[in-house]
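Residue-level listing of the chains:
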Amino acid sequence: MFLIVLPDPVTEDILLLRLQRGSEEAVIAVYEEYFPALYQYARLKVGDSAQAKDIVSEVFVRLIESLGTRSAPRVSLRGWLFKVTRHEIYRSAGRMVHLPLDDVEEWMAAPEHESEMSEGFDLERVRHALRMLTADHQEVLILRFGQHLSLKETADIMGKGVSAVKSLQFRAVDTLRSILVEMEASNG
Amino acid sequence: MASLMDAFNECVDRVIAGESIERCLQDYPEHEERLRQLLETGELVHRAHYPGVVVEDAQDEVRARVIQTYRSRGDRNMRRRSWFFPLAAVAVLVLAVGVVGLALLGPAVGNTFSNVVGSLNSSYSEPIVTVVITSLDHSEPLNPAVADALTGTARSDIALAMPTAVAMGVTPLAEVTLGPIMTMTRPGTVTPPVMGTPLPSVTVASLDPEIVGKPSATPLAASLDRTATAIVEDATARPFDPLAVTPLFPSAIPDTGGVGIVATSVLEMTPEPGTEVAHSIPTVTATMSPTGTMTSSPTPLPTGTLETTATLAGTPMPPTPTPFQQQNAAPPTPTPAIIPLNAGEIDDNARWDTYLLYRSNFLEQYGAGVVHDVDVTGRQIIRVTDQQGLPVLGAQVQVFAGQTLVSDTRTYATGQTLFFPNARAESRGFQSPFRVSVTKNNINAEFELDAQHGPLWEVQFDGMTFTLDRVRLDVLFLLDTTSSMGDEIAQLQNNILGISSQIAALPGNIDVHYGLVTYRDRGDEYLTRVYDFTSEVTAFQFSLNSEGADGGGDEPESLNEGLHEAIHSVSWRGEDTVKLVFLVADAPPHLDYPQDYDYAVEMATAAQQGIKIHPIASSGLNQVGEYILRQIAQYTMGHFVFLTYDQGGSGTTGEVRPDLNVGEPDDPVSQQDQGDYTVERLDELVLRLITDEISSLSARTTTGVPVDVRVSKAGVEPPQPFNPAILLVLVGASFLLGYSFTLRKSDKRKRKNEAFVIIDDAADEHM
Chain A
1 MFLIVLPDPV
11 TEDILLLRLQ
21 RGSEEAVIAV
31 YEEYFPALYQ
41 YARLKVGDSA
51 QAKDIVSEVF
61 VRLIESLGTR
71 SAPRVSLRGW
81 LFKVTRHEIY
91 RSAGRMVHLP
101 LDDVEEWMAA
111 PEHESEMSEG
121 FDLERVRHAL
131 RMLTADHQEV
141 LILRFGQHLS
151 LKETADIMGK
161 GVSAVKSLQF
171 RAVDTLRSIL
181 VEMEASNG
Chain B
1 MASLMDAFNE
11 CVDRVIAGES
21 IERCLQDYPE
31 HEERLRQLLE
41 TGELVHRAHY
51 PGVVVEDAQD
61 EVRARVIQTY
71 RSRGDRNMRR
81 RSWFFPLAAV
91 AVLVLAVGVV
101 GLALLGPAVG
111 NTFSNVVGSL
121 NSSYSEPIVT
131 VVITSLDHSE
141 PLNPAVADAL
151 TGTARSDIAL
161 AMPTAVAMGV
171 TPLAEVTLGP
181 IMTMTRPGTV
191 TPPVMGTPLP
201 SVTVASLDPE
211 IVGKPSATPL
221 AASLDRTATA
231 IVEDATARPF
241 DPLAVTPLFP
251 SAIPDTGGVG
261 IVATSVLEMT
271 PEPGTEVAHS
281 IPTVTATMSP
291 TGTMTSSPTP
301 LPTGTLETTA
311 TLAGTPMPPT
321 PTPFQQQNAA
331 PPTPTPAIIP
341 LNAGEIDDNA
351 RWDTYLLYRS
361 NFLEQYGAGV
371 VHDVDVTGRQ
381 IIRVTDQQGL
391 PVLGAQVQVF
401 AGQTLVSDTR
411 TYATGQTLFF
421 PNARAESRGF
431 QSPFRVSVTK
441 NNINAEFELD
451 AQHGPLWEVQ
461 FDGMTFTLDR
471 VRLDVLFLLD
481 TTSSMGDEIA
491 QLQNNILGIS
501 SQIAALPGNI
511 DVHYGLVTYR
521 DRGDEYLTRV
531 YDFTSEVTAF
541 QFSLNSEGAD
551 GGGDEPESLN
561 EGLHEAIHSV
571 SWRGEDTVKL
581 VFLVADAPPH
591 LDYPQDYDYA
601 VEMATAAQQG
611 IKIHPIASSG
621 LNQVGEYILR
631 QIAQYTMGHF
641 VFLTYDQGGS
651 GTTGEVRPDL
661 NVGEPDDPVS
671 QQDQGDYTVE
681 RLDELVLRLI
691 TDEISSLSAR
701 TTTGVPVDVR
711 VSKAGVEPPQ
721 PFNPAILLVL
731 VGASFLLGYS
741 FTLRKSDKRK
751 RKNEAFVIID
761 DAADEHM
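Note that the protein sequences, when read in sequence, are chains A and B.
Per our numbering, the first sequence starts with residue 1, numbered consecutively.
Per our numbering, the second sequence starts with residue 1, numbered consecutively.
The set of hints was computed from the structure by calculation and includes no laboratory data.
C-beta: ideal position from N, C-alpha, C; glycine also.
Accuracy of the hints is not assured; some may be wrong.
Simulated DEER-style distance windows between Cβ atoms [as the list claims (entries may be wrong)]: (1) B:G548 x A:S150: 41 to 49 Å; (2) B:E448 x A:L17: 41 to 49 Å; (3) B:A490 x A:S186: 50 to 58 Å; (4) A:G68 x B:R36: 46 to 54 Å; (5) B:G52 x A:A50: 16 to 24 Å; (6) B:Q26 x A:A185: 27 to 35 Å.
Covered stretches of chain A, as calculated for chain B (at least 3 residues, CB under 8 Å) [what the hints assert, rightly or not]: (7) 29 to 43; (8) 51 to 59; (9) 125 to 131; (10) 138 to 148; (11) 151 to 161; (12) 167 to 175.
Just chain A, with the same shape it has in the complex (with noise of 0.2 Å):
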């Protein structure tokens, strides 16, 4: 299982202060550190590959451009490298991605790496269930359950109150149990 370890918030921190001043060290560790989980929560919401390194790819170079500027990052590194993901995923893939129920499998792109077979088509059927959320329901479940990202993270980073969030993390993760159990059905 690979899992995403997100930078605690001081080394978050040191990062910032570091990249507001610009060196290359600076842009390199923040790659380093935060490629994983970006490219995770992209490829999640897009499925294809080339898509979501194209997108986190975006990111870095908003980031890069952004130095020096006033939209650069001055708070929350995380927050905003989350929130211009978000929009580089919207801006790549329109507003709602989302899939239709019917012949999933077709839907289904095949594995482009050897250990994605190896996984098994249970995992895949979930991202793909994930796919044929809204929007919401997606983003919230990839930033809370994905990226474990704290309710006040994912409220920012999804431009919503707090009480927002918890209500739809309920609604979404109930509509997903739902549609993984319509699947198991269907497929027998």
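Chain A is fixed; fit chain B onto it per the hints.
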């Protein structure tokens, strides 16, 4: 006992913090089974991460791109610096020459402004698909004049697209194409819908080259959340006069080609209250299938009944009551004695510093994400008067940053309107003075507005006397009728009935129209009900009496939808009309609905049409709701009104409102530093707000041809004519001098450094 949702939310936090699912389940045995299912499903999402090796491969691949970007950016910045100063100098010179030229040419130069669809710069970060709106021939951006010429069908969809069209400068991803617009002739022969009649449709097509032409790439989609379909027709071919046409977009069907969606619409027609209706009225049941085809079949109804039925894709919809007054309808209920309700009021525009403090405290505490905040700092007040110094109602005030239209509003009865330089990206940080164009009765005045020298500006049309035959007043009540209003709706209805009777009894030659819009929430019996303006107070009271509180559920309600209908779906009269909305609510709008309107856009539209909104906060309004209602009031120059209670709480008339940030009644130094308020009876307060608004418009007569236009900053003598070209030339010259000096100095330093390098190199060679 905690609800399942509360238990789930707590367990999620605990599991994320590292606790096991089993441990958390022990605390909630009553929900154990369901909770386990949900938490395990959540855990599946975490497990669905792609394998580490996949991520590492991707990371290796992208790393080179990122480093390359970083390095090339460094080079580009170096180049930019080396070109910047000479370019800037040339630009200043060209600008100076241009301005001198323009100054010499003077008024001979015409005004050509770019086509601006208009946008609000809300600070919320809801990324929606960016759209470009095209005109009917699908080939060029929509001209506002074209938009105006379209039916409500097109406009309502444009309004839907507006929040996305703003788009914070993001590259457009999609375009909205307006399909054929059905032409309605009114009054006239309105024939029943015919099979195959082309209905308005909207196509949203992606512009993203990654998507276009690629089947099953990532199709755009939309939900089927608008379902009301109602078509009413008079069997005797005697048309209702006039017909209110409310087109709906009940469905949006994903395009199988994967390039976009097609949303198809049907029309809803509603006779105005007071219309004479034939005794034999059939209904037409319109059924809309997912493919957009429409069938219709007339069904006779009993005499004197008007009813509509709606069906979408086979799902029966509840009947939609249609507001009207039948010829033989029972007389309206006599207005009962008013049950007193007490209320306080705050004018945030009059207490500006306090409001800004309240605003910043709120945003600091809750964050801008919970509301659709508009940056109102730097507010400018523009007042338009005639030659007698009396306010001019309905003057159009347009503000341009360069050639870009950044604000378009109409003056209220006080002659005032507001301009917010920081509300939009196009105007925020704009350095040069804004150009303000004021138009009334085809008379135009222009002046330059430097926000640094505001905030009060007075435009006086010398030689023009603004006149009215009689004061025209449109008053619309916009009511939240969800069940949370149940404790007060009857009293509020009672008060509004009393207020409407008092308005009707106002002295003077006042021509009053009354309107009513009620709203609930998605999933309720209805979303909105629109009772168009009527001059008959009894008809209005009849409509009001028919409403009750029900539905709702969660806290926010469809205020966005209600506000939109109140502004777009009723027949507001022209620019010489005082237009007021009293919005009664106890909850904020839903900000999480897809395909929803946006209150921030609606309030800007209200200001554009000269509609003033006075919210009335009922009991139980939360902090977010208070902020939003005060935003709406402030932006449209309305007052924030709130019911007050005694210590016993809502429903008991008194003087306090401890749940709002409104300080204490009659307390000059509130501990909350939000100022004080006085308490009045609600009906008297509302009546005062109305009479204040119209008092300055009474007893005017029409005359006048303009002679001159004088523009001055309020309270200050008109400024002496000043040619900006002189300033620019001076700035340019100083800039060039400074730059040449810097160049010479840096050259010297460079030569000196090169000398040191040569010396060092020489020294190295000899080491």
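Practice task
Against the earlier hints, flag every one the structure doesn't satisfy and list their numbers going up.
Solution key: Hint check: nothing fails, all pass.
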